[in-house]
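Residue numbers (the numbering used here), protein chains in the order written: chain A, -5 to 133; chain B, 177 to 696.
Honestly, I wouldn't trust all of these hints.
[Said to hold, decoys possible] Distance condition first, Cα-Cα at most 20 Å in a straight line; then the derived SDA-like pairs of lysine to any residue:
{"#": "1", "chain 1": "B", "residue 1": "K186", "chain 2": "A", "residue 2": "V73"}
{"#": "2", "chain 1": "B", "residue 1": "K350", "chain 2": "B", "residue 2": "R495"}
{"#": "3", "chain 1": "B", "residue 1": "K186", "chain 2": "A", "residue 2": "N24"}
{"#": "4", "chain 1": "B", "residue 1": "K186", "chain 2": "A", "residue 2": "S103"}
{"#": "5", "chain 1": "B", "residue 1": "K392", "chain 2": "B", "residue 2": "S684"}
{"#": "6", "chain 1": "B", "residue 1": "K186", "chain 2": "A", "residue 2": "G28"}
{"#": "7", "chain 1": "B", "residue 1": "K186", "chain 2": "A", "residue 2": "T2"}
{"#": "8", "chain 1": "B", "residue 1": "K186", "chain 2": "A", "residue 2": "T104"}
{"#": "9", "chain 1": "B", "residue 1": "K186", "chain 2": "A", "residue 2": "W90"}
{"#": "10", "chain 1": "B", "residue 1": "K186", "chain 2": "A", "residue 2": "S91"}
{"#": "11", "chain 1": "B", "residue 1": "K186", "chain 2": "A", "residue 2": "G82"}
{"#": "12", "chain 1": "B", "residue 1": "K186", "chain 2": "B", "residue 2": "P691"}
Calculated from the structure, these hints are not laboratory results. Predicted model only: the values in this text are computed from it and were never measured.
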Amino acid sequence: MQTLIFRTAAPYLTGLMLMFSVFVLLRGHNEPGGGFTGGLIAASAFGIHGIAFGVPAVRRALNFHPMAIAGFGLFVAAVAGLPSLVFGVPFLTGLWSAPSFFGISVDLSTVMIFDIGVYLVVVGSFTSIALALEDREHD
Amino acid sequence: MAVQGEIIDKTAAMIAAPVPAADWLVIAPVLLPILAGAVLLMIRHSVRWHAVLSVAVLAVLVGANGLLLRRVLAEGPVSMTMGSWLPPFGISFTVDALGAVFSLTASIVAVCCCVSSVRDVDATGRRYGFYPFLLLMMAGVSGAFLTGDVFNLYVWFEVFLISSFGLLILGSEKSQIDGATKYAILNLVGTTLFLIATGYLYGTFGTLNMADLATKAGQIGDAAPLMTLASLFLLAFAMKAAAFPVNFWLPASYHTPPAITGALFGGLLTKVGIYALLRILVMIFAVEGVALAGVIGWVAVATMLLGALGALAQSDIRRIAGFLVISGVGTMLAGIALGGNGGLSGAIFYALHSMPALSALYLLGGLVRQRGGSFSLHQLSGLYGASPFLTLLAFIISLAVAGLPPGSGLWPKVMLVRAALDSGAWQIAAAILLSGFLATIALGRVFILAFWRTEIAGVQAVAGGSMSIMGCCAVVILTLAMLAMGVMPEPFVRVSGTAASGLLDASSYVRAVFPGGGGS
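Whole structure, please, built from the sequences with the hints as guidance.
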């Protein structure tokens, strides 16, 4: 789309949405949000960038192919279940640790790693679909 | 966020006992192909590694399934509930002899198909994801065989279904898209029915854990519309298994993709439908399953005869194989209809035979295409002179698929006919024998026209090339497996009998999930 307003606003919008998607991903454990929702927001951000600047620009900015990102997400999500093996608990059991950074305790868990995996799967697959659809427009 | 400074007693909701590492065998057949599929997606452009890695992972998968089967046969069903939640709240993976032996056979077939694909899938097919799809489909198939939860079963159905859509359209030829559309729409109708039935099941019982359901379905009596539920599941799974009259998607689609994809689909996917029928209609809804036996019996008779007649009417080897898949589904349904240890172990043994046999038949079609240049019986001729080796393979595979000695199809059919005669179901016995006879004629036709007929001048438009060595290896392995089943049937009969009695008496299955006894 060649309107000046959209092309000026799009980079800011994309950046904001990407930051917001990470926020939604991380708050998702106890509150509404999570990997799936966050991933959808991030994928829409890439979609907007693609509408404003064209699909090649998005592919360049992403560096990796969206399907590779989705594959990595699937890998991360599956691997998140593996630490259970070491601790003698069933697959995908949530394991928590709360290390302290500068006096602030941060809850880290395998559940979060799994959710990050879901986020990446959704980002990868939906961005891939969105870019494929936007590509066809100019054929 | 974890609650700080306060110790909560979680034993009412969570598993406290440590889980030995050996129990991970239960989840390994699903985890391995998922991890490998994800890695292949990441390195999707380094296509050189795809085939090697896939064959290696599938070989490890066969090993894991073998260990799992050995353990299940020695110690009875094994269960693991994900995330440490107590069943029925967590998702259980529960493996009994039936699940383990199906999973093992499926992985052996998959590794053979994968070996035969090494040369035949070109760089384009690889870049568009043949191997990731293959591995994710295997994850779905293994998951369906091993899970102990009805909704989870639905999820694995979706996993292998979506991967199979991908495999079906690789190559993007017009006929493939056409076949895939029919396949996708009719299968989605089937899965939607499955999902509706699952929702209804949850509304009725408040649980989807199979062990819990098996306990409760016997107790609930007339208080719930169990017959409706069982009929819905029967329709949904009959659609998946391509039983008459909901089989139209199979002949419309299975002949369109390359022979390897056909081999995977024809060998594995319909058997998942049969497996689900065994699990739901025999183990969970035992009473309703017996009440529906009459319907299943006539469906089985119609499916067997339609499949065999369809195979007679075709002249494309892949279409013939497709109709023989349908005929085999009918034979397995006959075993489910007959019920009892005899009928069920016959059906299970037939499934174990049918996975390698139908895969081998499709792969053989691929080899015939490479050697003779066509799939069509109008164009093929003189293969006996061209390749006696291929002729030998074709001869053994035809015997096995038709159910003649020394092939593997004989013994399960003998078991089924005996069970049918014992229970007085003469129409089923007659249909099994007649469909076997018709299948023999259909395959004999292939053999006479493609192999025995001397080369016809003028018709042979496409020149044949050489066969891929890997493809031959795969077919030889599958053929040897079928011969082993045909010549030494005792271990297979024994395993099928154990699996069938595990279905008829679910108490050990239930005990594996609820060691303390009872359900929720």
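Practice item. Starting from K186/B, check that the Cα of G28/A is at most 20 Å away, please. Key: 25 Å, violated
Point to revise | Straight-line alpha-carbon gap K186/B to W90/A, limit 20 Å | key: 15 Å, holds
Check your understanding: Taken at face value, is the distance from the CA of S103/A to the CA of K186/B at most 20 Å?
Key -> Holds. K186/B to S103/A sits at ~18 Å (cutoff 20 Å).
Practice item. For the pair we were handed, K392/B and S684/B, check the Cα-Cα distance against 20 Å. Key: Holds, at roughly 15 Å.
Review point. Between K186/B and N24/A, does the CA-CA distance stay at or below 20 Å?
Key: 19 Å, holds
Review point. Holds or violated: are the alpha carbons of K186/B and V73/A at most 20 Å from each other?
Key: It is violated: about 25 Å lies between the C-alpha atoms, which goes past 20 Å.
Check your understanding: Does T2/A lie within 20 Å of K186/B when you go C-alpha to C-alpha?
Key -> It is violated: about 54 Å lies between the C-alpha atoms, which goes past 20 Å.
Exercise for review: For the pair we were handed, K186/B and G82/A, check the Cα-Cα distance against 20 Å.
Suggested key: The hint holds at about 17 Å.
Exercise for review: With a cut-off of 20 Å on the C-alpha distance, tell me whether K186/B and P691/B pass.
Suggested key: 18 Å, holds
Check your understanding: Is K350/B within 20 Å of R495/B, Cα to Cα?
Key -> 17 Å, holds
**Study point:** Pair hint K186/B and S91/A, alpha-carbon separation not exceeding 20 Å
**Key:** 18 Å, holds
Point to revise | Straight-line alpha-carbon gap K186/B to T104/A, limit 20 Å | key: Holds. K186/B to T104/A sits at ~19 Å (cutoff 20 Å).
In the structure shown, a violation is registered for the earlier hints numbered 1, 6 and 7, in ascending order.
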